[in-house]
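These protein sequences, in sequence, are chains A and B.
The UniProt record's numbering numbers the first residue of the first sequence as 1 and each following residue consecutively.
The UniProt record's numbering numbers the first residue of the second sequence as 1 and each following residue consecutively.
Since the hints were made in silico from the structure, they are not lab data.
Computed from a predicted structure; not experimentally measured.
Glycine included, every Cβ here is placed at the ideal spot set by N, Cα and C.
It is possible that part of the hints are untrue.
[Claimed, not checked] Some, not all, of what chain A presents toward chain B, calculated at C-beta under 8 Å:
#1 P33
#2 A34
#3 N83
The residues making up each chain are set out below.
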Amino acid sequence: MTRTRRDIYTDLALSVFSLAGAALLFVGASDLPAARFEPLGSSALPYALGVLIALFAAIIGLRALFALRAAMPNAGEPSELANPGRMALVFVATLIYVAALDSFRAPYIVATTLFIIAIGATIGSPKPRSLALFAVLGLVLAVAIRFVFTRFLYVDLG
Amino acid sequence: MFDAFLVVFHLDNLLLLLAGTAVGIVVGAIPGLTATMLIALTLPMTFHMEAVNAVTLLIGEYVGGISGGLITAILLRMPGTPSSITTTFDGYPMAQTGRAERALALGIMASVAGGIISWGFLAGMSPTLAHFALQFGPWEYFTLVLMALFMLAALASGSLVKGLLAAAIGMAFSLPGVDSSLGSARLTFGSDTLLSGFGLLPVLIGVFAISQILREAAEPKKEKGKARLPDRKLPVHWSDAKVHGMNMLRSSVLGTWIGLLPGIGGNVAALVAYSTTRQLSKEKEKFGTGHEPGVVASESANNAAIGGALIPLITMGIPGSVTEAILIGALTIHNLQPGPLLFQNSPEIAYGVIAAYAVANVMMLILMWGTVRYIAMIAQIPRAGLLGAILVFCVIGSYAVNNSFSDVWIMMAFGLVGLGLELAKVPLGPFVIGFVLSPIAEEQLRASLMMSDGDVWAILHRPYALFFLAIAVLTLFYPMIIDLLGRRGGKTESANV
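Could you put together the complete structure from these sequences and hints?
Here you go:
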């Protein structure tokens, strides 16, 4: 079966990232002490996994390179992700939410309500009526979660 | 066993089971949300519970999560869970021709039958298997884990190499932290945060929940099809037992045995049972057009697969699927080691799982029978609010593990890892199982080599270990053997022509 260029480039990227990960394993394992009290030692598994990951990554990479010649162009083929921009926005919004709670010590209820509004506007509809609904949902959710976690699980959410 | 049922019938356990099953059904009915994601998100809340309570809640969620998928599969042709894909083949055409209530009734009854029949296997086989597994030593456990990993990698959808790569990457992520044998830091690269390694929960929540939500967010905005909600009583008759009884039994037995094998989930079980029922039917042409046996076969098998998958979990500590891997995580969080010793050291947990599974199936029947109309309505909640709420749960759930935001950042990072792997068509199942089983495999291998003074060939004196190793190797080369046999067959045919 002929593969598309997008599939092949994805496989090449996977291969490169995996080879980098294998290299990291070798670097980390090289610092570990040699086995003393038992035959295997601490570094055996990292080395073994490094070799295996490098081997599988090489197979995937080589297959992708060979397939590149016979590859079909991407024209007309729908992307794996229909709207990557919206996905990126949701991820960034979540990062900001976590940073607000962690680094800026933002009040939990306010941050959560604003976060739900932001996600609602991004994935759903930015109309004022919808935003008001998301605000109510966010507030109720934040209060309910704080009640359960503080009262029953003894986790302070701030 | 009787004592275990008494424990499950305590009011607190009964309420947890009810809540777990109910939430599971609702989540299972919502396309895009899975039982795996629900269990991963619930785990942080079980920290403060007794182990029995936690297990009861999670088993309820598991049973409910798989069963709920049939509602939207039948009403909307959108299976709530992958296990219900086959149910759409005949369930949706039945709903289209005004028989939605009948399809739901048969689906629910078949699900319960599948659950109860597989419970029979679970209750009957587990203590015996656990007793047998007591003979196992480190070599057997190491090869057993290896076998499970190879089977998962080989049988996961997509390429074998990618399955193996996923398992190896998952294992590699379990390495950072303090080496349990030597007590020294390993692969921490000077980071204090990495000294405690990557926690199971942030990894699971990141890989499953965050990556899934990001993918859902990238989906085009579309209106969900409006389902015609069931408005009449769900019709079943005593004569159905005669008409569909044999199909339920056969599909449930098939589902249980398929569930036993690592890596093959309820979706494959349902598909195999559906195909078998079709092959044996005198009305093959009616399948796919709204034929009742199709719904019965699919739903009996996918629920039975849960009971089957629980057998290796509690007897040997080997997860049959990702959900079982999370259940293993839940047990280890409560300082319990799944495996044969569970029946000796913590019988209340081992038998508790079995009893909770039976009661959860009965609860699922009662809940779904009475509330199917309302569950169908909940499944149509706008996803924008739903995904935002789940993201909040992910963040708070990861934070609550150690009251630390480091875990939340790790969860976010693993969200990207999960998304990247999925985009590259690398299966997540072997990744997670590799992550969960790697510490066990390494510990057992080290113990084996210490026992044999570093002699690898000592494995030759362990017949069970050799057997597991042989299956692992066969699993690995199975696709190549099939391919080779296929080519030879082709050549012989051409020569004959």
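Here is what the structure says about each hint:
Residue-level restraint check for P33 (chain A) holds (minimum Cβ-Cβ distance to chain B is 7 Å; threshold 8 Å). Because the smallest distance between the Cβ of A34 (chain A) and any Cβ of chain B comes to about 11 Å, over 8 Å, the interface hint for this residue is violated. Evaluation of the N83 (chain A) hint against chain B yields a held restraint, the C-beta minimum of about 5 Å falling below 8 Å.
Of the numbered hints given earlier, the model fails hint 2 alone.
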